[in-house]
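Trainee: Sequence:
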Amino acid sequence: MPRYAYVAIDSDGRPASGLQRSVNREAAEAALLEQQLRGIQLTERRSVLDVELTPRRVKREEVMHLSRQLAAFIRAGLPIIDAVHSLGAEASNPSVRRMMSDVEDGLRRGDSISDCLDHHPRIFPEFYRGILRSAEVTGQLDTVLEQLAKYLERDLEARRKIKSALVYPSVIVLMAAATVSVLAGFVLPRFKTFFASMNATLPLPTRILLKITDFITQWWWALIGGVVAAVVLYLLAVRTPGGRYVRDYLLLKVPVIGTAVEYALVERFCRILSSMARAGVPLPEALRVATDSLRNVLFMRALSHVAEAMIEGEGLAGPLAATGLFPGTAARMMRVGEETGTFDVQLEVTAIYYEGELDYKLKKLTALFEPAVIVVMGLIVGFVAVALVSAMYGIFDQVNT
128 MPRYAYVAID
138 SDGRPASGLQ
148 RSVNREAAEA
158 ALLEQQLRGI
168 QLTERRSVLD
178 VELTPRRVKR
188 EEVMHLSRQL
198 AAFIRAGLPI
208 IDAVHSLGAE
218 ASNPSVRRMM
228 SDVEDGLRRG
238 DSISDCLDHH
248 PRIFPEFYRG
258 ILRSAEVTGQ
268 LDTVLEQLAK
278 YLERDLEARR
288 KIKSALVYPS
298 VIVLMAAATV
308 SVLAGFVLPR
318 FKTFFASMNA
328 TLPLPTRILL
338 KITDFITQWW
348 WALIGGVVAA
358 VVLYLLAVRT
368 PGGRYVRDYL
378 LLKVPVIGTA
388 VEYALVERFC
398 RILSSMARAG
408 VPLPEALRVA
418 TDSLRNVLFM
428 RALSHVAEAM
438 IEGEGLAGPL
448 AATGLFPGTA
458 ARMMRVGEET
468 GTFDVQLEVT
478 AIYYEGELDY
488 KLKKLTALFE
498 PAVIVVMGLI
508 VGFVAVALVS
518 AMYGIFDQVN
528 T
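Residues in the sequence shown are numbered from 128 upward in steps of one, following the working numbering.
Since the hints were derived computationally from the structure, they do not count as laboratory data.
Values in this document were obtained by computation on a predicted structure and should not be read as measured data.
Please note that a few of the clues may not be correct.
[To be verified] Derived BS3-like pairs (lysine-lysine); straight-line CA-CA distance at most 25 Å:
no., residue 1, residue 2
1, Lys380, Lys491
2, Lys319, Lys186
3, Lys277, Lys186
4, Lys490, Lys290
5, Lys290, Lys186
6, Lys490, Lys319
7, Lys290, Lys277
8, Lys288, Lys319
9, Lys186, Lys288
10, Lys490, Lys380
11, Lys290, Lys491
12, Lys288, Lys490
13, Lys277, Lys288
14, Lys290, Lys380
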């Protein structure tokens with residue numbers, strides 16, 4: 128049976144605390160009320176056996192559903208504490224239940240919903256909490272929660288498109304690596320033994336193939352060690368500001384891939400900035416949060432100068448275009464928004480536009496990558512086939528003569 132630690136005021140006005148065992152929070156609160164206690168604050172205490180060794184992560188899909196359900200409950204007139212309690216009790220993920228219980232405890236102490244979510248920054252991004260904080264001031268919590276749910280849904284859809292575009296090329300690369308490994312480790316060594324027993328002069332392609340096979344079989348440990356060392360060095364390098372800058376710079380310079388990454392960053396920036404501006408967040412604060420959400424050092428450094436220029440009265444569209452990182456179309460759309468007073472609307476339009484462009488770039492990237500991998504695989508298999516067949520014919524000719 129769950130245990131609840133409570134802090135309350137007894138009938139004499141003195142503070143009281145202790146543990147109450149009950150089937151749920153409502154039963155614990157009712158039992159304490161029967162003891163003439165008031166101002167009750169409950170916190171669930173979990174035993175060591177109930178604690179998960181590997182807590183489940185709260186996925187972005189769950190945050191989206193929580194936002195949409197909480198908006199519906201608030202719009203229906205349900206008190207926010209009851210809404211949070213209902214969502215926590217019905218959650219299948221134990222991490223969500225604990226998180227919602229903590230939010231409920233904070234609400235009962237008198238904290239705002241945004242203050243409660245500040246204790247869970249890994250679950251709720253900074254822009255999410257900033258938008259909610261502004262919505263509490265304007266009294267549009269249900270509307271803003273619904274908008275956040277829609278944003279998270281669009282963001283998840285964009286992530287799904289990127290992942291699905293990478294699945295097929297990744298499978299082809301893995302199959303190519305597996306094919307080469309099988310040929311080098313099992314098939315070709317047997318042919319080598321056969322060729323040696325014939326004591327014949329082998330053609331050049333066959334000798335090259337056997338040399339490659341000997342190198343792989345003798346130095347496989349060095350190759351694996353080199354790959355591991357390269358990965359470790361890369362991970363250590365990207366922990367430094369300079370390493371992250373070089374990585375992000377080179378990624379944006381890769382043909383086709385760089386453009387797709389650029390469009391993804393522009394779409395995300397415009398979407399978050401639009402959501403925060405529409406919720407009434409001050410533009411400098413919204414710009415800071417949208418910049419931090421990009422996680423690209425090149426963009427973040429450039430946008431820090433944009434924020435300075437905006438504070439000095441230069442607007443936003445001009446400094447963004449001056450960075451050279453935002454396409455001309457995005458800058459023109461934002462300039463129209465500044466001139467017509469529909470900045471948040473134009474940002475949303477820009478985000479939708481580049482979402483479509485990103486989808487097109489991903490399809491183009493997949494269309495280019497698939498034939499390239501197939502050609503490389505064909506060259507590898509073709510070279511192996513030519514080397515083996517030419518060796519067979521060469522040996523037969525030497526035997527006949």
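Trainee: Does each hint fit the structure? Answer for all of them.
Mentor: Do the hints match the structure? See the list:
1. Lys380 with Lys491: 17 Å, holds
2. Lys319 with Lys186: Status violated; Cα separation ~53 Å.
3. Lys277 with Lys186: Roughly 16 Å separates the two Cα atoms, so the pair holds.
4. Lys490 with Lys290: Given pair Lys490, Lys290 holds - Cα atoms ~12 Å apart, limit 25 Å.
5. Lys290 with Lys186: 16 Å, holds
6. Lys490 with Lys319: 43 Å, violated
7. Lys290 with Lys277: Roughly 20 Å between the alpha carbons, so the hint for Lys290 and Lys277 holds.
8. Lys288 with Lys319: 46 Å, violated
9. Lys186 with Lys288: With a Cα-Cα distance of about 17 Å, the restraint between Lys186 and Lys288 holds, given a limit of 25 Å.
10. Lys490 with Lys380: Between Lys490 and Lys380 the Cα gap is close to 19 Å, so the pair holds against 25 Å.
11. Lys290 with Lys491: Distance of about 14 Å is within 25 Å: holds.
12. Lys288 with Lys490: 9 Å, holds
13. Lys277 with Lys288: The hint holds at about 17 Å.
14. Lys290 with Lys380: 21 Å, holds
Checked against the numbered hints above, the structure breaks hints 2, 6, 8 and satisfies the rest.
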